[in-house]
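Each protein sequence line maps, in turn, to chains L and R.
Here this note's numbering = 1-based position in the first sequence + 347.
Here this note's numbering = 1-based position in the second sequence + 1.
Hints are computed from structural coordinates only; laboratory data are not their basis.
Label-pair distances were calculated between CB atoms; the ranges are: (1) R:S23 with L:N510: 56 to 62 Å; (2) R:R103 with L:V394: 57 to 63 Å; (3) R:R209 with L:Q591: 30 to 36 Å; (4) L:D631 with R:N33: 50 to 56 Å; (5) L:P610 with R:E95: 27 to 33 Å; (6) R:T28 with L:Q565: 37 to 43 Å; (7) R:E95 with L:L495: 20 to 26 Å; (8) R:I19 with L:D556: 35 to 41 Å; (9) L:E558 with R:D78: 16 to 22 Å; (10) L:F440 with R:S23: 55 to 61 Å; (11) L:M348 with R:S23: 55 to 61 Å; (12) L:K497 with R:D78: 43 to 49 Å.
No more than 16 Å apart at the CA atoms, straight line, and that leaves these computed lysine to aspartate or glutamate pairs for EDC-like: (13) L:K627 with L:E617; (14) L:K457 with L:D508; (15) R:K45 with R:E194; (16) L:K352 with L:D455; (17) R:K79 with R:E61; (18) L:K524 with R:D158; (19) L:K557 with L:D631; (20) R:K179 with R:E210; (21) L:K623 with L:D587; (22) L:K525 with R:E157; (23) L:K623 with L:D633; (24) L:K352 with L:D425; (25) R:K126 with R:D78; (26) L:K497 with R:D158; (27) R:K126 with L:E558; (28) L:K351 with L:D430; (29) L:K574 with R:E95; (30) L:K522 with L:E375; (31) L:K516 with L:D430; (32) L:K516 with R:D158; (33) R:K97 with L:D569; (34) L:K559 with R:D74; (35) L:K421 with L:E375; (36) L:K516 with R:E157; (37) R:K79 with R:D48; (38) R:K126 with L:D556; (39) L:K525 with R:D158; (40) L:K453 with L:E479.
Ideal Cβ positions, reconstructed from N, Cα and C, are used throughout, including at glycine.
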Amino acid sequence: MNIKKVIVVGSGTMGRGIAQWFAQSGVEVQLCDQVFEVAEKARELLVSSWMNLVSKGKFTLDEANQFLTNVSVKSIEDLTTADLCIEAIVEDFSNKRELFQALDQKLDPKVIFATNTSGLSISSLAAQLTIERQTRFLGLHFFNPAPLMKLVEIIPGDQTDQNLSLSLKTWFIAKGKKIAVAADSPGFIVNRVARNFYGESLHTLGQLDKEKISEIDQVMRDVGGFKMGPFELMDLIGIDINYQVTQDVWKSNFYPDRLRPHPIQRQLVERRRLGKKTKKGFYDYD
Amino acid sequence: MTELILVDNNESRIFSSIPVISVEQLTPEILNNSSRILDLTSNKHQDKEYLINRIHSFSEAKIISDLSCSWGDALIDKFPNLTGAMSFNFFSPENKCECFARNNETRQWMTHTLQQLNCTPTFVKSPGLCFTYPRVVSMIINEAFIAEAEGLASREDIDTAMIFGVNYPLGPFAWGEKIGLVQVLKVLETLFELTGDPRYRPALTLRREAL
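Pulled out of the complex, with its shape left as it was, chain L reads as follows (with noise of 0.2 Å):
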């Protein structure tokens, strides 16, 4: 298999960084978004990228002009074909339907269709798909920042053609993605298993205290060698996602005990403590 087209739908933190990872390993990249401006604004943001990391020397300036040359912007009427089209757009089960459907009537049979959900059902998001897409569609889950994090998460369907599963984990892993396989079943693998990184220190927090939490995250990073404590990365990515993914997570599997939110969390969300963005979560910035 070889990838040379990728058309990225939805262009965010997410699509934009999907879109610059699969420019910089030599793929064609149409890039578009529900609002043309948007999408123009995210490739505006790339060239940023790339000449801010052509002066930290991680590039010269040939490979980051080439690298630009291969993002293109797009309306969704004007794309044209691709060996791939992936959707980041907003984590709306509805939305990602429609847009799929949409996608299913304009593009060949052919083009694999891939989902950027950090959880909703593959198999039920392709559903309503021709017979021959179902087979060619599939979750490809990355992580924030797509070109630098390694995994992808490969997800397949009910439907989903096991050769193009396994096609795909050799393209990526040729091109220096770290490649994890998937049921498809609630929250994948990571936001699965990661839970209790969370979930557990809050329950030996117990209740806030602002000593004990600064202590549990310098024991997780020193005896645990995690990069970052866990209350100091919840407010990095923001209380109120990591909540919903825990709820989320916690209702898809039927509600076991083990992955239950815990009222500290509800607490901060309801007090607007976010973490970072809003300056206060279990920690005040300044």
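Based on the hints, put chain R in the right spot on chain L.
Below, chain R without anything else, positioned relative to chain L:
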């Protein structure tokens, strides 16, 4: 009066400067002649409480005990000569362990002694219930076993995902191997037994492999 390191029966670790004895070698006479005992046995809470009580009844020796599988706060409250606690038996990728010291003298002794054992202490205000690091990592490992048993992914892929998706120092299965699944099981069982919270129920596959 001597210092001693107390280990499980069949323990094969060798320590350079402090005499090592196993639990089955412990006698009232030895206890009577001890000024400080570094207890590295890996018992769960009830057995640990029994052991410390036994030492306490024969000796005024200061005890520093591995409490990774115990309710440290409760034992500290109950035994005044339990002057220190640590999570030494719970493998750390950084060669560190969580430690508690009741006073400065114990803190200094623990720092010096643990360094002889190639371990650096991170001191915490209280040991809590199984400290923090052992319980958080045990729960991550437990979830990995449950996920694997449900067919979510292979062990290799779960480990790959956690290392390269969220920068864990080790994948949960590799981590469990380093710690020893028996230790992980003891932590989960202790948490389950003492809190009654079903969230701590160990995965069957983890239990089977540990035993």
